[in-house]
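Engineer: Let chain A serve as the given structure and place chain B on it in line with the hints.
Letter by letter, the chains look like this.
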Amino acid sequence: MTKKAELAIQAATTAAAPVLRAHSPEVSAARARRWGAFFYAEQVLRVMKGYGWTIVMYGVGQPVAYLFAMGVGLATLVQANGAGVFGGVSYLTFIAPALLISSAVMTAANEFTFPVMDGFKWRRVYYGPHASPLTPEQIAGGQIIAVTVRFLLQSAIYCAVVALFGASPGAWGWVSILIATLAGLSFGLPLMAYAATIKEDRGQFAMVMRFIVMPLFLFSGTFFPLDTLPLGVRWIGWISPIWHGTELGRVVSYGYEEEPWLTIVHLVFLLGLAAVGWVLTKRQFAKRMAS
Amino acid sequence: MRVSELASKESPVSSPSDAALQYVITAENLTKRYGDVTAVDGISFRVPAGEAFGLLGPNGAGKSTTMKMIGGVSQRTSGSLSIMGLDPEQHGPEVRAHLGVVPQQDNLDEELKVRDNLLVYGRYFGLPMSYLKPKADELLEFAQLTDKAKSKVDALSGGMKRRLTIARSLINEPRILLLDEPTTGLDPQARHILWDRLFRLKEQGVTLILTTHYMDEAEQLCDRLIVVDKGKIMAEGSPASLIREYSTREVLELRFGSERNASVGAELDGIGERLETLPDRVLIYAHDGEAALEQVTARGLRPVTSLVRRSSLEDVFLRLTGRSLVD
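These protein sequences, in sequence, are chains A and B.
Just so we're aligned, residue 1 is where the first sequence starts under the numbering used here, counting upward by one.
Just so we're aligned, residue 1 is where the second sequence starts under the numbering used here, counting upward by one.
Do not rely on the hints blindly, as some may be mistaken.
[Stated by the list, open to error] When the alpha-carbon atoms are kept at most 25 Å apart in a straight line, the in silico BS3-like pairs for lysine-lysine are as follows:
1. B/LYS148 / B/LYS161
2. B/LYS150 / B/LYS161
3. A/LYS49 / B/LYS150
4. A/LYS49 / B/LYS152
5. A/LYS49 / B/LYS148
[To be verified] Which chain A residues stay away from chain B? Per the calculated CB distances, all over 10 Å, these:
6. ALA80
7. SER90
8. ASN110
9. GLU200
10. GLY255
What the hints contain is simulated information worked out from the structure, not anything from laboratory work.
Treat the numbers as computed from the prediction; the structure is a model and nothing was measured.
Just so you know, even glycine gets a beta-carbon here, dropped at the ideal spot from N, CA and C.
Only chain A is shown next, with the shape it has when bound in the complex (with noise of 0.2 Å):
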């Protein structure tokens, strides 16, 4: 429906009844068709805004525990031994696009998780909206939107704390405030698609943040160049968005080398992912809604 054709019918219904009236279905239908995904993501987002320090927290405080006990204090070590590996770069200026991405990526685990359990299994949240006009889809679409809020803040507060360490990011800096997003989302979605075939909670979540989310973390050239690593176990990171975003987040923010191709891929891999965990999510999502 045209907005004009929308306005119209509005502008009928209104007419007709001067007190407090509700516009008509069709005009509901046809926004709902329309805006349905940020609909729903209004009301994660006033969820969220209930648990906002957290999200503070999660922004400043970890990230900051991070950069000091790794960037300040390790780093004096690792200076000393082996400058050099880090391409010319202090040991913070190397880790802090690492932990940017990480921190992402550990919200994705809790965002796209115990959340999606709640509103299929606990509290049944996504059975109100999927009453109303809203489609399965966009109420997945929604919860993705509000946590894609929720990345671009904490992203950028990170941003805000690492500049006042004194590992001022260059030019492009800001960059990596998206490109931690999209990792977030890479790694988030199809974890979501997984959390949404969940019907029983026997400890699942805990066991992705134990055995998926922790290997990668450590084994993404987080802490140190990934070819340091033997090749056993150097796949881990060819795997992970952590890695990949990682490295994008280097050669935004201090200019770290790679091949041009290299880059692509990264780019690719990420947004590979994520539209995979899309489409995954929006399948699973009208599946279980629907039984």
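Structural biologist: Chain B in isolation, oriented as in the chain A frame:
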């Protein structure tokens, strides 16, 4: 057709001519299968605007499944279904925009405050805040929750949560309200408050579709209902006409103690029109219950307790299926 006859006779908004009758819901041979299980087995019904229409049946009869299909959230296996002239499978958002839905299980957002639950829900319909804020206050008043507006949902009692769910379902001013077991799990007082609210909606011309396994609820609220069992319609009509058709005016309930109930049956033969022996009591269906009781005592039988009451939909269900509504 019988459905339309009943509808035109008994629907409060029906006009004298059948042609002018507007059906808001039409189901023909509606069927839903989950694998080998047939939850809804070819049911047909029509609901005219403004009617309070009930689906009465025990748990697992297929009532909720039918409601989900009407609500445009579950796809039918076969048959046809039209809500306000639209097929919910092709026009899901449009159909759902017409409806207010009160699900069997509350799914309020417990992390949001009471009033915010209404605002957020209204946004799903693209309604502007300038409409939603005064509307939310109006609905809280209607649901008798004004003083709880700023409370967390957690802090509400079961009855209050139900009323909030009903308030939420009205945020888009739907002309059709679907209520799936609206008072299950509530105490009697909370149920009466809720019924009162539903009556008011009915007076405003809102079409009510409700499922229940409480016969008193069906009798109180429904203009017309279908009795459903194992996915099939067993009978349909107004509560009064169903009772007239399938039961006697009165029922005499006798308890002889759990051991004797079954054996005493033969001795009661010939009293009343029909006899029903249940594990805990014997029911004698008769036009005049007191007279039946006199006959019982005249035969020298001494029940532990006796009770004469009017027939209810419970008796209709027992007659139709041989089972009680509530297990």
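Engineer: Against the 25 Å threshold, does the CA-CA distance of A/LYS49 and B/LYS152 hold or violate the hint?
Structural biologist: Since the Cα atoms of A/LYS49 and B/LYS152 sit roughly 15 Å apart, the hinted pair holds (cutoff 25 Å).
Engineer: Would you say A/ALA80 is clear of chain B, with no C-beta pair closer than or equal to 10 Å?
Structural biologist: For A/ALA80, whose nearest Cβ neighbour in chain B is about 49 Å away, the distance exceeds 10 Å, so it holds.
Engineer: Checking a non-interface call: every C-beta of chain B should be farther than 10 Å from the C-beta of A/GLU200. Is that right?
Structural biologist: holds, 17 Å
Engineer: Compare the distance between the alpha carbons of B/LYS150 and B/LYS161 with 25 Å, and conclude whether the hinted pair is satisfied.
Structural biologist: Roughly 14 Å separates the two Cα atoms, so the pair holds.
Engineer: Quick one: work out the minimum CB distance from A/SER90 to chain B and report holds if it exceeds 10 Å, violated otherwise.
Structural biologist: holds, 42 Å
Engineer: B/LYS148 and B/LYS161 were given as a pair; does the straight-line alpha-carbon distance stay at or below 25 Å?
Structural biologist: holds, 11 Å
Engineer: With d taken as the least Cβ-Cβ distance between A/GLY255 and chain B, does d exceed 10 Å?
Structural biologist: Non-interface label on A/GLY255 holds, nearest chain B Cβ at 44 Å vs cutoff 10 Å.
Engineer: Sort out whether B/LYS148 lies within 25 Å of A/LYS49, counting only the CA atoms.
Structural biologist: holds, 21 Å
Engineer: Measuring Cβ to Cβ, find out whether A/ASN110 lies farther than 10 Å from everything in chain B.
Structural biologist: holds, 15 Å
Engineer: Within 25 Å, alpha carbon to alpha carbon, are A/LYS49 and B/LYS150?
Structural biologist: holds, 16 Å
Consistency with the previously given hints is maintained throughout, with no hint failing.
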